[in-house]
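Using the sequences and the hints, build the whole thing.
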Amino acid sequence: MNTRGVEVIVADDEESAARRVADLLAAAAREGSEIALTGGSTPGRAYELAARLEPNWGRAGIWWGDERCVAPDDERSNFRLAQEKLIVRLDGPPARVHRIRGEDEPAAAAAVYEQELKGTTLDLLLLGLGPDGHVASLFPHAPGLEETERLVIHAEPQLDPYVERVTLTPPALRGARRIVFLVTGEQKAEAVAGALAGPPDPAVPGSLIRSEHGETLAILDRQAASRLGD
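Every position in the sequence shown, counted from 1, becomes a number in our numbering once 274 is added.
Watch out, some of these pointers could steer you wrong.
Using 20 Å as the maximum straight-line C-alpha spacing, the simulated SDA-like pairs for lysine to any residue come out as follows [said to hold, decoys possible]:
1. K392 <-> A381
2. K359 <-> A381
3. K392 <-> R451
4. K392 <-> R448
5. K359 <-> L327
6. K359 <-> R373
7. K359 <-> R319
8. K359 <-> H372
9. K359 <-> A300
10. K359 <-> K392
11. K359 <-> G314
DEER-style ranges, computed between Cβ atoms [said to hold, decoys possible]:
12. R278 <-> R363: 34 to 42 Å
13. A381 <-> I283: 35 to 43 Å
14. R326 <-> R370: 15 to 23 Å
15. A369 <-> P476: 31 to 39 Å
16. R496 <-> E423: 38 to 46 Å
17. S290 <-> E358: 21 to 29 Å
18. R350 <-> P445: 23 to 31 Å
19. G366 <-> A477: 25 to 33 Å
20. A301 <-> K392: 24 to 32 Å
21. G314 <-> H372: 13 to 21 Å
22. G393 <-> P346: 19 to 27 Å
23. R496 <-> A301: 35 to 43 Å
Calculated from the structure, these hints are not laboratory results.
All values derive from a computational prediction rather than experimental measurement.
All C-beta atoms, glycine included, are put in the ideal place defined by N, C-alpha and C.
Shown next, in the form of structure tokens:
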């Protein structure tokens, strides 16, 4: 299925969707790609499976699409999720780990991360989608959606947990060679329909993110895809 520039794959259930994403992550790791990870509740299983499928990430680099401004060992940290579900399970750790320093002052952390990212093309960018349609830490009608120059910015909290955030901007996200949305659950169905099948709309940030020079893929379970035909 292809809808508004997105190739949509509908898996039977959440586990099957996670396995599809794990396959992509493992293949990218084997190729020595630059891989941007996401946080939230959905991708953890995909990370576990990817570590089993390809235990040697010694040629790959990993990045993050956004981070909450907390210490790296905080339970809310996107880095901690990847550390526990992926990195520590690998026989060969990633050659390059580009962590957003959530423990630092947000604007400073954003500036440092932008300098790291400049000149790098992300080969695979994994994104979730919130029930409100947000991606990374770009929330509905957020000022950051209008950013055209900077790659990384400080984002105000608009969703629990209410902590400051650092996020890639639309230009940085769109610059990835392959964007992969991983979305599961009936509670995301309306957001999926708006982001993938609706018109570009700052009320649904996911609708604004498509790869400019590559492909955009959405891997959904049946519940998340249930409103795509409405």
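Each hint tested on the structure:
1. Taken as a hint, the K392 and A381 pair is honoured in the structure, with Cα atoms around 17 Å apart against an allowance of 20 Å.
2. Restraint check for K359 and A381: the C-alpha separation of about 28 Å exceeds 20 Å, so the hint is violated.
3. A C-alpha spacing of about 15 Å is found between K392 and R451, which places the hinted pair at or below 20 Å, so the restraint holds.
4. Between K392 and R448, the direct Cα distance comes to roughly 14 Å. Compliance with the 20 Å bound is thereby established for this hinted pair.
5. Among the hinted pairs, K359 with L327 is consistent with the structure: their alpha-carbon atoms are about 13 Å apart, no more than 20 Å.
6. A threshold of 20 Å between alpha carbons decides the hint, and for K359 with R373 the separation of about 16 Å falls inside it, so the pair holds.
7. Pair hint K359 plus R319 holds up; C-alpha atoms about 7 Å apart against a cutoff of 20 Å.
8. The hinted pair formed by K359 and H372 meets the criterion: a straight-line CA distance of about 17 Å does not exceed 20 Å.
9. Of the supplied pair hints, the one linking K359 and A300 holds, its CA atoms being roughly 14 Å apart against a limit of 20 Å.
10. The straight-line distance between the Cα atoms of K359 and K392 is roughly 28 Å, outside the 20 Å bound, and the hint therefore fails.
11. Among the hinted pairs, K359 with G314 is consistent with the structure: their alpha-carbon atoms are about 12 Å apart, no more than 20 Å.
12. Checked against the hint of 34 to 42 Å, the C-beta distance between R278 and R363 comes to roughly 36 Å, which is consistent with it.
13. A hinted range of 35 to 43 Å for the beta carbons of A381 and I283 is consistent with their spacing of about 38 Å.
14. Distance hint check: the CB atoms of R326 and R370 are about 22 Å apart, consistent with the given range 15 to 23 Å.
15. At about 37 Å, the beta-carbon gap between A369 and P476 stays in the expected band of 31 to 39 Å.
16. Separated by about 40 Å at the C-beta atoms, R496 and E423 satisfy the suggested range of 38 to 46 Å.
17. For the pair S290 and E358, the supplied restraint of 21 to 29 Å holds, since their beta-carbon distance comes to about 23 Å.
18. For R350 and P445, the Cβ-Cβ distance of about 26 Å falls inside the hinted range of 23 to 31 Å, so the restraint holds.
19. Between G366 and A477 the CB atoms are about 43 Å apart, so this pair departs from the stated range of 25 to 33 Å.
20. The given range of 24 to 32 Å is respected by A301 and K392, whose C-beta atoms sit roughly 26 Å from each other.
21. Range check, G314 to H372: about 19 Å between beta-carbon atoms, so the 13 to 21 Å window is met.
22. A C-beta distance of roughly 25 Å is found between G393 and P346, which places it inside the suggested range of 19 to 27 Å.
23. Distance hint check for R496 and A301: the Cβ-Cβ separation is about 24 Å, which falls outside the suggested range of 35 to 43 Å.
Of the numbered hints stated above, those contradicted by the structure are hints 2, 10, 19, 23, listed in ascending order.
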